[in-house]
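*Asks:* Once you've looked at the hints, dock chain B against the given chain U.
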Amino acid sequence: MAVRSGGFAGKVLRVDLSTGKIGTENTLERYAAMLGGAGIGYRVLWDEVPAGTGPFDPANKLVFAAGVLVGTSVPCNGRTTVTTIFPTCWPKPLVGSGHMGGHFAATLKYAGYDALIVEGKADRPVWLMIRDARVEIRDAGHLWGSGIRRTTLEISQEMGADCVVAAIGQAGENQAPMGMVVNSVSHSAGGVGGVMGAKNLKAVAVQGSGAVRIAGDKGEWERLIKFHLSILGGNNQHVVPSFPTPEAEYYNPASRWIGQPGKHWGAAKPPVAITGNIHDPNRIAYRTNSAAYFLGDEAWKYTIRGNGCTACPIRCHTMLKVPSVTAKYGIPDTAQNTCVALQFGRLFFERLAGRKGGEAAIEACMVGMHLADDLGLWSNYGQLQRDLRKLYEGGYLKDRLGAKEYASIPWDKYENADPAFLLDLIPRIANRQGELGEVLSRGTGAIFDHWSIPEAQWAEDRTTTYWKMGHPKHHANEDDGQCGVIINTQYNRDAQCHSHTNFVRNGLPLEVQKKLAVAIWGSPDALDAPGDYTPANVHKAKRAKWSLLRKELHDALGVCNWMGPWAASPLRERGYAGDDSLESKFLSLATGQVMDREALDRAGERIFTLHRALTIRDMGQVNMRAKHDIVPPWIFEDTSGAAPFTKGTIRMDPADIARAMDLFYAVMGWDKDTGAPGKARYAALGLADVGETLAAAKLTPEEGK
Amino acid sequence: MSAIGADDLAQAALETVREASAATRLIAADEILERLLAGGFAEQLQTPAEADPCLWVAEVLSGLPGIASFESLSGRTVYHDPALLSRTYARILDRKDATELLLAEEIRSNSRDYPRPVPVELFEKPPFNLAPETIEAALKALSFGREFQDITAITTAAGAVYLFSNRYLERGYAVFLAEQDGSFAMNP
Numbered sequence: 001m002a003v004r005s006g007g008f009a010g011k012v013l014r015v016d017l018s019t020g021k022i023g024t025e026n027t028l029e030r031y032a033a034m035l036g037g038a039g040i041g042y043r044v045l046w047d048e049v050p051a052g053t054g055p056f057d058p059a060n061k062l063v064f065a066a067g068v069l070v071g072t073s074v075p076c077n078g079r080t081t082v083t084t085i086f087p088t089c090w091p092k093p094l095v096g097s098g099h100m101g102g103h104f105a106a107t108l109k110y111a112g113y114d115a116l117i118v119e120g121k122a123d124r125p126v127w128l129m130i131r132d133a134r135v136e137i138r139d140a141g142h143l144w145g146s147g148i149r150r151t152t153l154e155i156s157q158e159m160g161a162d163c164v165v166a167a168i169g170q171a172g173e174n175q176a177p178m179g180m181v182v183n184s185v186s187h188s189a190g191g192v193g194g195v196m197g198a199k200n201l202k203a204v205a206v207q208g209s210g211a212v213r214i215a216g217d218k219g220e221w222e223r224l225i226k227f228h229l230s231i232l233g234g235n236n237q238h239v240v241p242s243f244p245t246p247e248a249e250y251y252n253p254a255s256r257w258i259g260q261p262g263k264h265w266g267a268a269k270p271p272v273a274i275t276g277n278i279h280d281p282n283r284i285a286y287r288t289n290s291a292a293y294f295l296g297d298e299a300w301k302y303t304i305r306g307n308g309c310t311a312c313p314i315r316c317h318t319m320l321k322v323p324s325v326t327a328k329y330g331i332p333d334t335a336q337n338t339c340v341a342l343q344f345g346r347l348f349f350e351r352l353a354g355r356k357g358g359e360a361a362i363e364a365c366m367v368g369m370h371l372a373d374d375l376g377l378w379s380n381y382g383q384l385q386r387d388l389r390k391l392y393e394g395g396y397l398k399d400r401l402g403a404k405e406y407a408s409i410p411w412d413k414y415e416n417a418d419p420a421f422l423l424d425l426i427p428r429i430a431n432r433q434g435e436l437g438e439v440l441s442r443g444t445g446a447i448f449d450h451w452s453i454p455e456a457q458w459a460e461d462r463t464t465t466y467w468k469m470g471h472p473k474h475h476a477n478e479d480d481g482q483c484g485v486i487i488n489t490q491y492n493r494d495a496q497c498h499s500h501t502n503f504v505r506n507g508l509p510l511e512v513q514k515k516l517a518v519a520i521w522g523s524p525d526a527l528d529a530p531g532d533y534t535p536a537n538v539h540k541a542k543r544a545k546w547s548l549l550r551k552e553l554h555d556a557l558g559v560c561n562w563m564g565p566w567a568a569s570p571l572r573e574r575g576y577a578g579d580d581s582l583e584s585k586f587l588s589l590a591t592g593q594v595m596d597r598e599a600l601d602r603a604g605e606r607i608f609t610l611h612r613a614l615t616i617r618d619m620g621q622v623n624m625r626a627k628h629d630i631v632p633p634w635i636f637e638d639t640s641g642a643a644p645f646t647k648g649t650i651r652m653d654p655a656d657i658a659r660a661m662d663l664f665y666a667v668m669g670w671d672k673d674t675g676a677p678g679k680a681r682y683a684a685l686g687l688a689d690v691g692e693t694l695a696a697a698k699l700t701p702e703e704g705k
Numbered sequence: 001m002s003a004i005g006a007d008d009l010a011q012a013a014l015e016t017v018r019e020a021s022a023a024t025r026l027i028a029a030d031e032i033l034e035r036l037l038a039g040g041f042a043e044q045l046q047t048p049a050e051a052d053p054c055l056w057v058a059e060v061l062s063g064l065p066g067i068a069s070f071e072s073l074s075g076r077t078v079y080h081d082p083a084l085l086s087r088t089y090a091r092i093l094d095r096k097d098a099t100e101l102l103l104a105e106e107i108r109s110n111s112r113d114y115p116r117p118v119p120v121e122l123f124e125k126p127p128f129n130l131a132p133e134t135i136e137a138a139l140k141a142l143s144f145g146r147e148f149q150d151i152t153a154i155t156t157a158a159g160a161v162y163l164f165s166n167r168y169l170e171r172g173y174a175v176f177l178a179e180q181d182g183s184f185a186m187n188p
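Protein chains in written order, with this note's numbering: chain U, 1 to 705; chain B, 1 to 188.
Extracted from the complex, chain U is given alone in its bound form (with noise of 0.2 Å):
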């Protein structure tokens, strides 16, 4: 790519808390390859963060980086990729990602960086004032103690309202594993915050003047955008709505596209009625209400509008007003997120977690808002409530905690869901109180550890959705039978992959998705009906890798892979063909380098193969097949004991995991009995000198056996 590329905005912004040295680089010519977003984090740890570091050691780094799409007006271009070691993986903290929307992300480039590189550790607390070109380390003595409501306000009145603050709240503070940063007060990024707590690093700030260029054919550009516009659904990518309409052949109940005419945003003033053709793309931003969606119809009344991320149509960050809740529980009574972090609060009561709708329901949701996004607390995505609820609902808490603390905690508010309970329980958490608070502070891994609990009681119970290596599964063998099941097997996170479950729950026909199916992964074999699995074939192995690639690829491009891939689409007369190269023919007219789908796609195999080597390396092994590829035994287990492959199980059979395994390695090109990229693999992929690092460690499949 030319040096005076567009897309990207040119430097790398270099900030070493130890020393105060900041400094920038060339983006392009260190980082071109990597392109942006994880792509930059994981080259950052491959090149600069030595195996075995500590999360929390200052010689971690923490690298925020955009991506080349961010800032541009590509739909849903808000993401931010926070990459680290990451804390809550355990038993060895491994590489790993947060990720956050908002307006971060475009202000960062805005201001002139695709990434910033955060290393050393400061002396005192200190805050990171970003306004174009200067950069300064600000003392946070003040801020020290505050939340993130606070910590922002007081920022923003210093540098001015168009700032944007990424800042952590006493979670991150006080190192807690399970601490997170939140831009613009409500998006956050899961698992970082504590990293950023152990730099005494309180708070990033951004203002940016400058803008993103766009080197190609500007109508050809805004052609591309209209045409994106054109092929949105709902939110997830669902591409039919909830309700018939006469503009739709199909609709499915379970679509996230539930903004129907005549409803209404009823805490709005004044009211906003739902009216038009709802399949217009000017009336996007009514499809979705995430309130409505996970608490049911009576959200709408308490929905003031629809929020979210940069440039992003969607809207999936739903603002509440909830009057009921100051005088009760004396807190705000607006507050707004979406998906798990709306519902951080119901999730911890056995008695509201299982269904929708109720005014307890969506207080709790309140009170959890409220006091995770300002203590800067994350969910793990929702394994932090579920441990909860199966620690105390399975008697582990009173047979290990003391009496005394045990006590302490008004279990009667949890038995009878009052929300109130959060009041005790959440800041008990982010201030490590007790030994309860300390232990969830860390996450799932040291419940194990603590209480010499054994993972088999998390790994077995298919309540619990425990997957591996302290994290929940993220739609796995549920939603996507093997390919599910593979995506879940290569992160050591929980694996925050959308492609896949973007397109198995668009809410199209079978039929629809399996004719989609051919023309994208070769086959209608590529996918099947939930609970209605079929044994393992490569075109599956082949759809597990374009998930997985364009996951990667949405992170360093800055898009959304809660939204994207754009495989399907509303349009009836597209067949409901989304566009497979839509990524390649923006980042091809941004930067004004052609790079078709198969390059694009490459790139994208680049960056998640290097974060497979990031793995192989911290831990040490190259038998990533036994020792890191794991899955737990419930998804070997039905309850009504169906056998693998009977309607209505999503029981999957050993043997056949073990094929698709295989099918998947020989897709990516891994050597079958480790699981591992060869030297060969990592050189055509533009990474000799990480395949020829790990062959001198051996590390690789040729070297290590």
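Please note that a few of the clues may not be correct.
Cβ-Cβ distance ranges computed for the label pairs, FRET-style [to be verified]:
#1 B/P132 / U/N277: 23 to 33 Å
#2 U/R138 / B/A22: 58 to 68 Å
#3 B/A38 / U/A519: 27 to 37 Å
#4 U/E511 / B/P132: 27 to 37 Å
Using 16 Å as the maximum straight-line C-alpha spacing, the simulated EDC-like pairs for lysine to aspartate or glutamate come out as follows [what the hints assert, rightly or not]:
#5 U/K672 / U/D656
#6 U/K515 / B/E124
#7 U/K226 / U/E692
#8 U/K647 / B/D7
#9 B/K125 / U/D638
#10 B/K125 / U/D297
#11 U/K398 / U/E435
#12 U/K672 / U/E637
#13 U/K514 / B/D113
#14 B/K96 / B/D113
#15 U/K647 / B/E179
#16 U/K226 / U/D280
What the hints contain is simulated information worked out from the structure, not anything from laboratory work. Note that the coordinates shown come from a computational prediction; the quantities given were computed from them, not determined experimentally. Beta carbons: idealized from backbone N, C-alpha and C, even for Gly.
*Replies:* Coordinates of chain B only, in the frame set by chain U:
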């Protein structure tokens, strides 16, 4: 009739169907004929005394690309443009006054095409807008109708009621899909 006259007539017929579809309405041949006559096409529509002008309209419409038709519950052939009024929605409109059939056919098409059971609440929302007691009464009536014996209700562990057709979905699989559907909010 001249070729130009025939083209104009076809275009006018097409526009008439599209207007109705855009207004979320099915339209029958006699109504189209009425509109065409009012629109000044009397001369082009002159037919021998014994011929039915509606058949002439039907013939014109059958030659138009993109126009769909089906025999409605009233026995009349109705027309719509699927680009503006989908086949699915057209059938819902046609059955809106026949609640039992509406429910049964919607449940069947979901079981057959996707496949999936549907939550009973689906029918309380637009465009169905049926009161819970109306749905309950219709489901009860279905259970007595021989031609509706395939319509089956199941209740999930969380207490939600789902409906499916056992003609297209096996009960065990329907139960699985219903439980899965109910769990989506917990599996974001």
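*Asks:* Each hint: holds or not?
*Replies:* Evaluation of the provided hints:
For the pair B/P132 and U/N277, the beta carbons lie near 29 Å from each other, so the given range of 23 to 33 Å is met. A hinted range of 58 to 68 Å for the beta carbons of U/R138 and B/A22 is consistent with their spacing of about 60 Å. At about 47 Å, the beta-carbon gap between B/A38 and U/A519 misses the expected band of 27 to 37 Å. Against the hinted window of 27 to 37 Å, the Cβ-Cβ separation of U/E511 and B/P132 comes to about 33 Å, which satisfies the hint.
The suggested pairing of U/K672 with U/D656 holds, with an alpha-carbon distance near 15 Å, which does not exceed 16 Å. Under the criterion of a C-alpha separation no larger than 16 Å, the hint pairing U/K515 with B/E124 is inconsistent with the structure, at around 33 Å. Taken as a hint, the U/K226 and U/E692 pair is broken in the structure, with Cα atoms around 45 Å apart against an allowance of 16 Å. For a cut-off of 16 Å, the pair hint linking U/K647 to B/D7 is broken: about 54 Å separates their Cα positions.
Taking the CA atoms of B/K125 and U/D638, the gap is near 35 Å; set against the 16 Å cutoff, the hint is violated. This hinted pair checks out: B/K125 and U/D297 have alpha carbons roughly 11 Å apart, not beyond 16 Å. Of the pairs offered as hints, the one joining U/K398 and U/E435 holds, with about 12 Å between alpha carbons and a cut-off of 16 Å not exceeded. Restraint check for U/K672 and U/E637: not satisfied, since their Cα atoms lie roughly 26 Å apart, outside the 16 Å limit.
Restraint check: the Cα-Cα separation between U/K514 and B/D113 comes to about 13 Å, which is no more than 16 Å; the hinted pair holds. Restraint check for B/K96 and B/D113: not satisfied, since their Cα atoms lie roughly 21 Å apart, outside the 16 Å limit. Our distance criterion of 16 Å between C-alpha atoms is met by U/K647 and B/E179, whose separation comes to about 14 Å. Under the criterion of a C-alpha separation no larger than 16 Å, the hint pairing U/K226 with U/D280 is consistent with the structure, at around 12 Å.
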